[in-house]
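Enquirer: Given the coordinates of chain C, assemble chain V onto it according to the supplied hints.
Here's the letter readout for the chains.
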Amino acid sequence: MSTLHTVNKSPFERGSMASAFAHAVEGDAVLMIEDGVLGARKTGAFSPTITGRSGAVSIYALGPDLAARGVKAEDVADGVTIVGYDGFVDLAATHDRVCAWL
Amino acid sequence: MAERPKKTFLYLNRKAPYGTIYALESLEVVLIGAAFEQDVSLAFLDDGVFQIVEGQDASALGMKNFSKTYRALGDFEVRKLYVERESLAERGLSEADLMPIMWEDEDEDYAEKPSIRLVDRSEMTRLIGAADVVLSF
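Protein chains in written order, with the working numbering: chain C, 1 to 102; chain V, 103 to 239.
Chain V extracted, bound-state conformation:
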């Protein structure tokens, strides 16, 4: 069977974790989608930036703390996590409040490289307009 051209998928994450199921569902769909070897990017904007904040502890809620899963995304070749700078600033957050999410570059002796890329709103707008498919959560 002829190989189909890769499509670019952008997962738009705009909701905080735990309050609704969107964040967890998005993560599950991303992991499923990664198996199909497409070009996958994640975008975090609005309250979605809270999904990758460091120091989450959901133990008292009786819910699974799934924030550690974001750190495994690199192993699934999901290496582009775009975070909107304005959304962070509006919520009193900075890059220092985010989890370190890295991927290993096998071409450079498995050097760890950051997956998180801070972008401003105009760049986020450009990314939406450049994706073949936008999946919203």
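One chain only, chain C, in its complex shape:
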């Protein structure tokens, strides 16, 4: 029984990303979408949190949202897997529920 947590707000603007990680347990996945992908930058302040949790929690960022915001694949923090829309669908289908952190 696992949960896919989606985050669509920048962690520099809102606490949604921090709350998502605080309520994610081992086996869950966190997917950054829309402005949420801004937290995925390797040199950003949120990167240690991502890398620290990436063992127990699977962490993803949506490629088209990264590209739109000029975040290159090589700029993304270690432990983040970049997925496309098809990957988003697969994640939603392979988890028991989706929990959106707005």
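Check each hint, because a few of them may be wrong.
As the list claims (entries may be wrong) - Below, a list of computed lysine to aspartate or glutamate pairs in the EDC-like style, where the Cα atoms sit at most 20 Å apart:
hint	chain 1	residue 1	chain 2	residue 2
1	V	Lys215	V	Asp199
2	C	Lys72	C	Asp96
3	V	Lys182	V	Glu210
4	V	Lys109	C	Glu34
5	V	Lys215	V	Glu192
6	V	Lys108	C	Asp96
What the hints assert, rightly or not - Not close to chain V: a few residues of chain C, all C-beta gaps over 12 Å, as computed:
hint	residue
7	Arg41
8	Gly70
9	Phe88
10	Leu91
Please keep in mind that the hints were generated in silico from the structure rather than gathered at the bench. Virtual Cβ for every residue (Gly too), placed ideally from N, Cα, C.
Expert: Leaving out everything else, chain V in the frame of chain C:
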């Protein structure tokens, strides 16, 4: 028609009232959902805890003070309101700052029982993981 098994619905409330429409919309969806006789729970965390703080007065805003509606939830068989303890503490709030929200137990001569249950973050995490459907506001 065969009766479908009940699903557990968890409404996740994370935003303060009045500043955005989320809190009011959540309440309206909860009331609609209650008509379908599902197992409904409400969760209040982050700024969502401000939705059920006592003493709200929106009269000067020209907006409806909808906080009283939470007290009617018991009549719609919505009796499980989980409030995250850490979210209260971070905002300098305690259980004493919340509205008394009760439901009447018809099996015990309509005794009033509290709907609010304080839970810590790990229990809130467990509740999210136990729900069939999570609806976020």
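Enquirer: The structure should be examined with respect to each hint, and the outcome stated for every one.
Expert: Results of checking the hints against the structure:
1. Lys215(V) to Asp199(V): Given that 20 Å is the threshold and the Cα spacing comes to 18 Å, the pair holds.
2. Lys72(C) to Asp96(C): violated (31 Å)
3. Lys182(V) to Glu210(V): At roughly 18 Å apart (the allowed maximum being 20 Å), Glu210(V) and Lys182(V) satisfy the hint.
4. Lys109(V) to Glu34(C): Outside the cut-off at roughly 30 Å; violated.
5. Lys215(V) to Glu192(V): Violated. Lys215(V) to Glu192(V) sits at ~27 Å, over the 20 Å cutoff.
6. Lys108(V) to Asp96(C): holds (16 Å)
7. Arg41: holds (24 Å)
8. Gly70: holds (28 Å)
9. Phe88: Since the minimum Cβ distance to chain V is about 16 Å, Phe88(C) lies beyond 12 Å and the statement holds.
10. Leu91: Leu91(C) is indeed farther than 12 Å from all Cβ atoms of chain V, at 15 Å.
In summary, the structure is inconsistent with hints 2, 4, 5 from the numbered list given earlier, while agreeing with the others.
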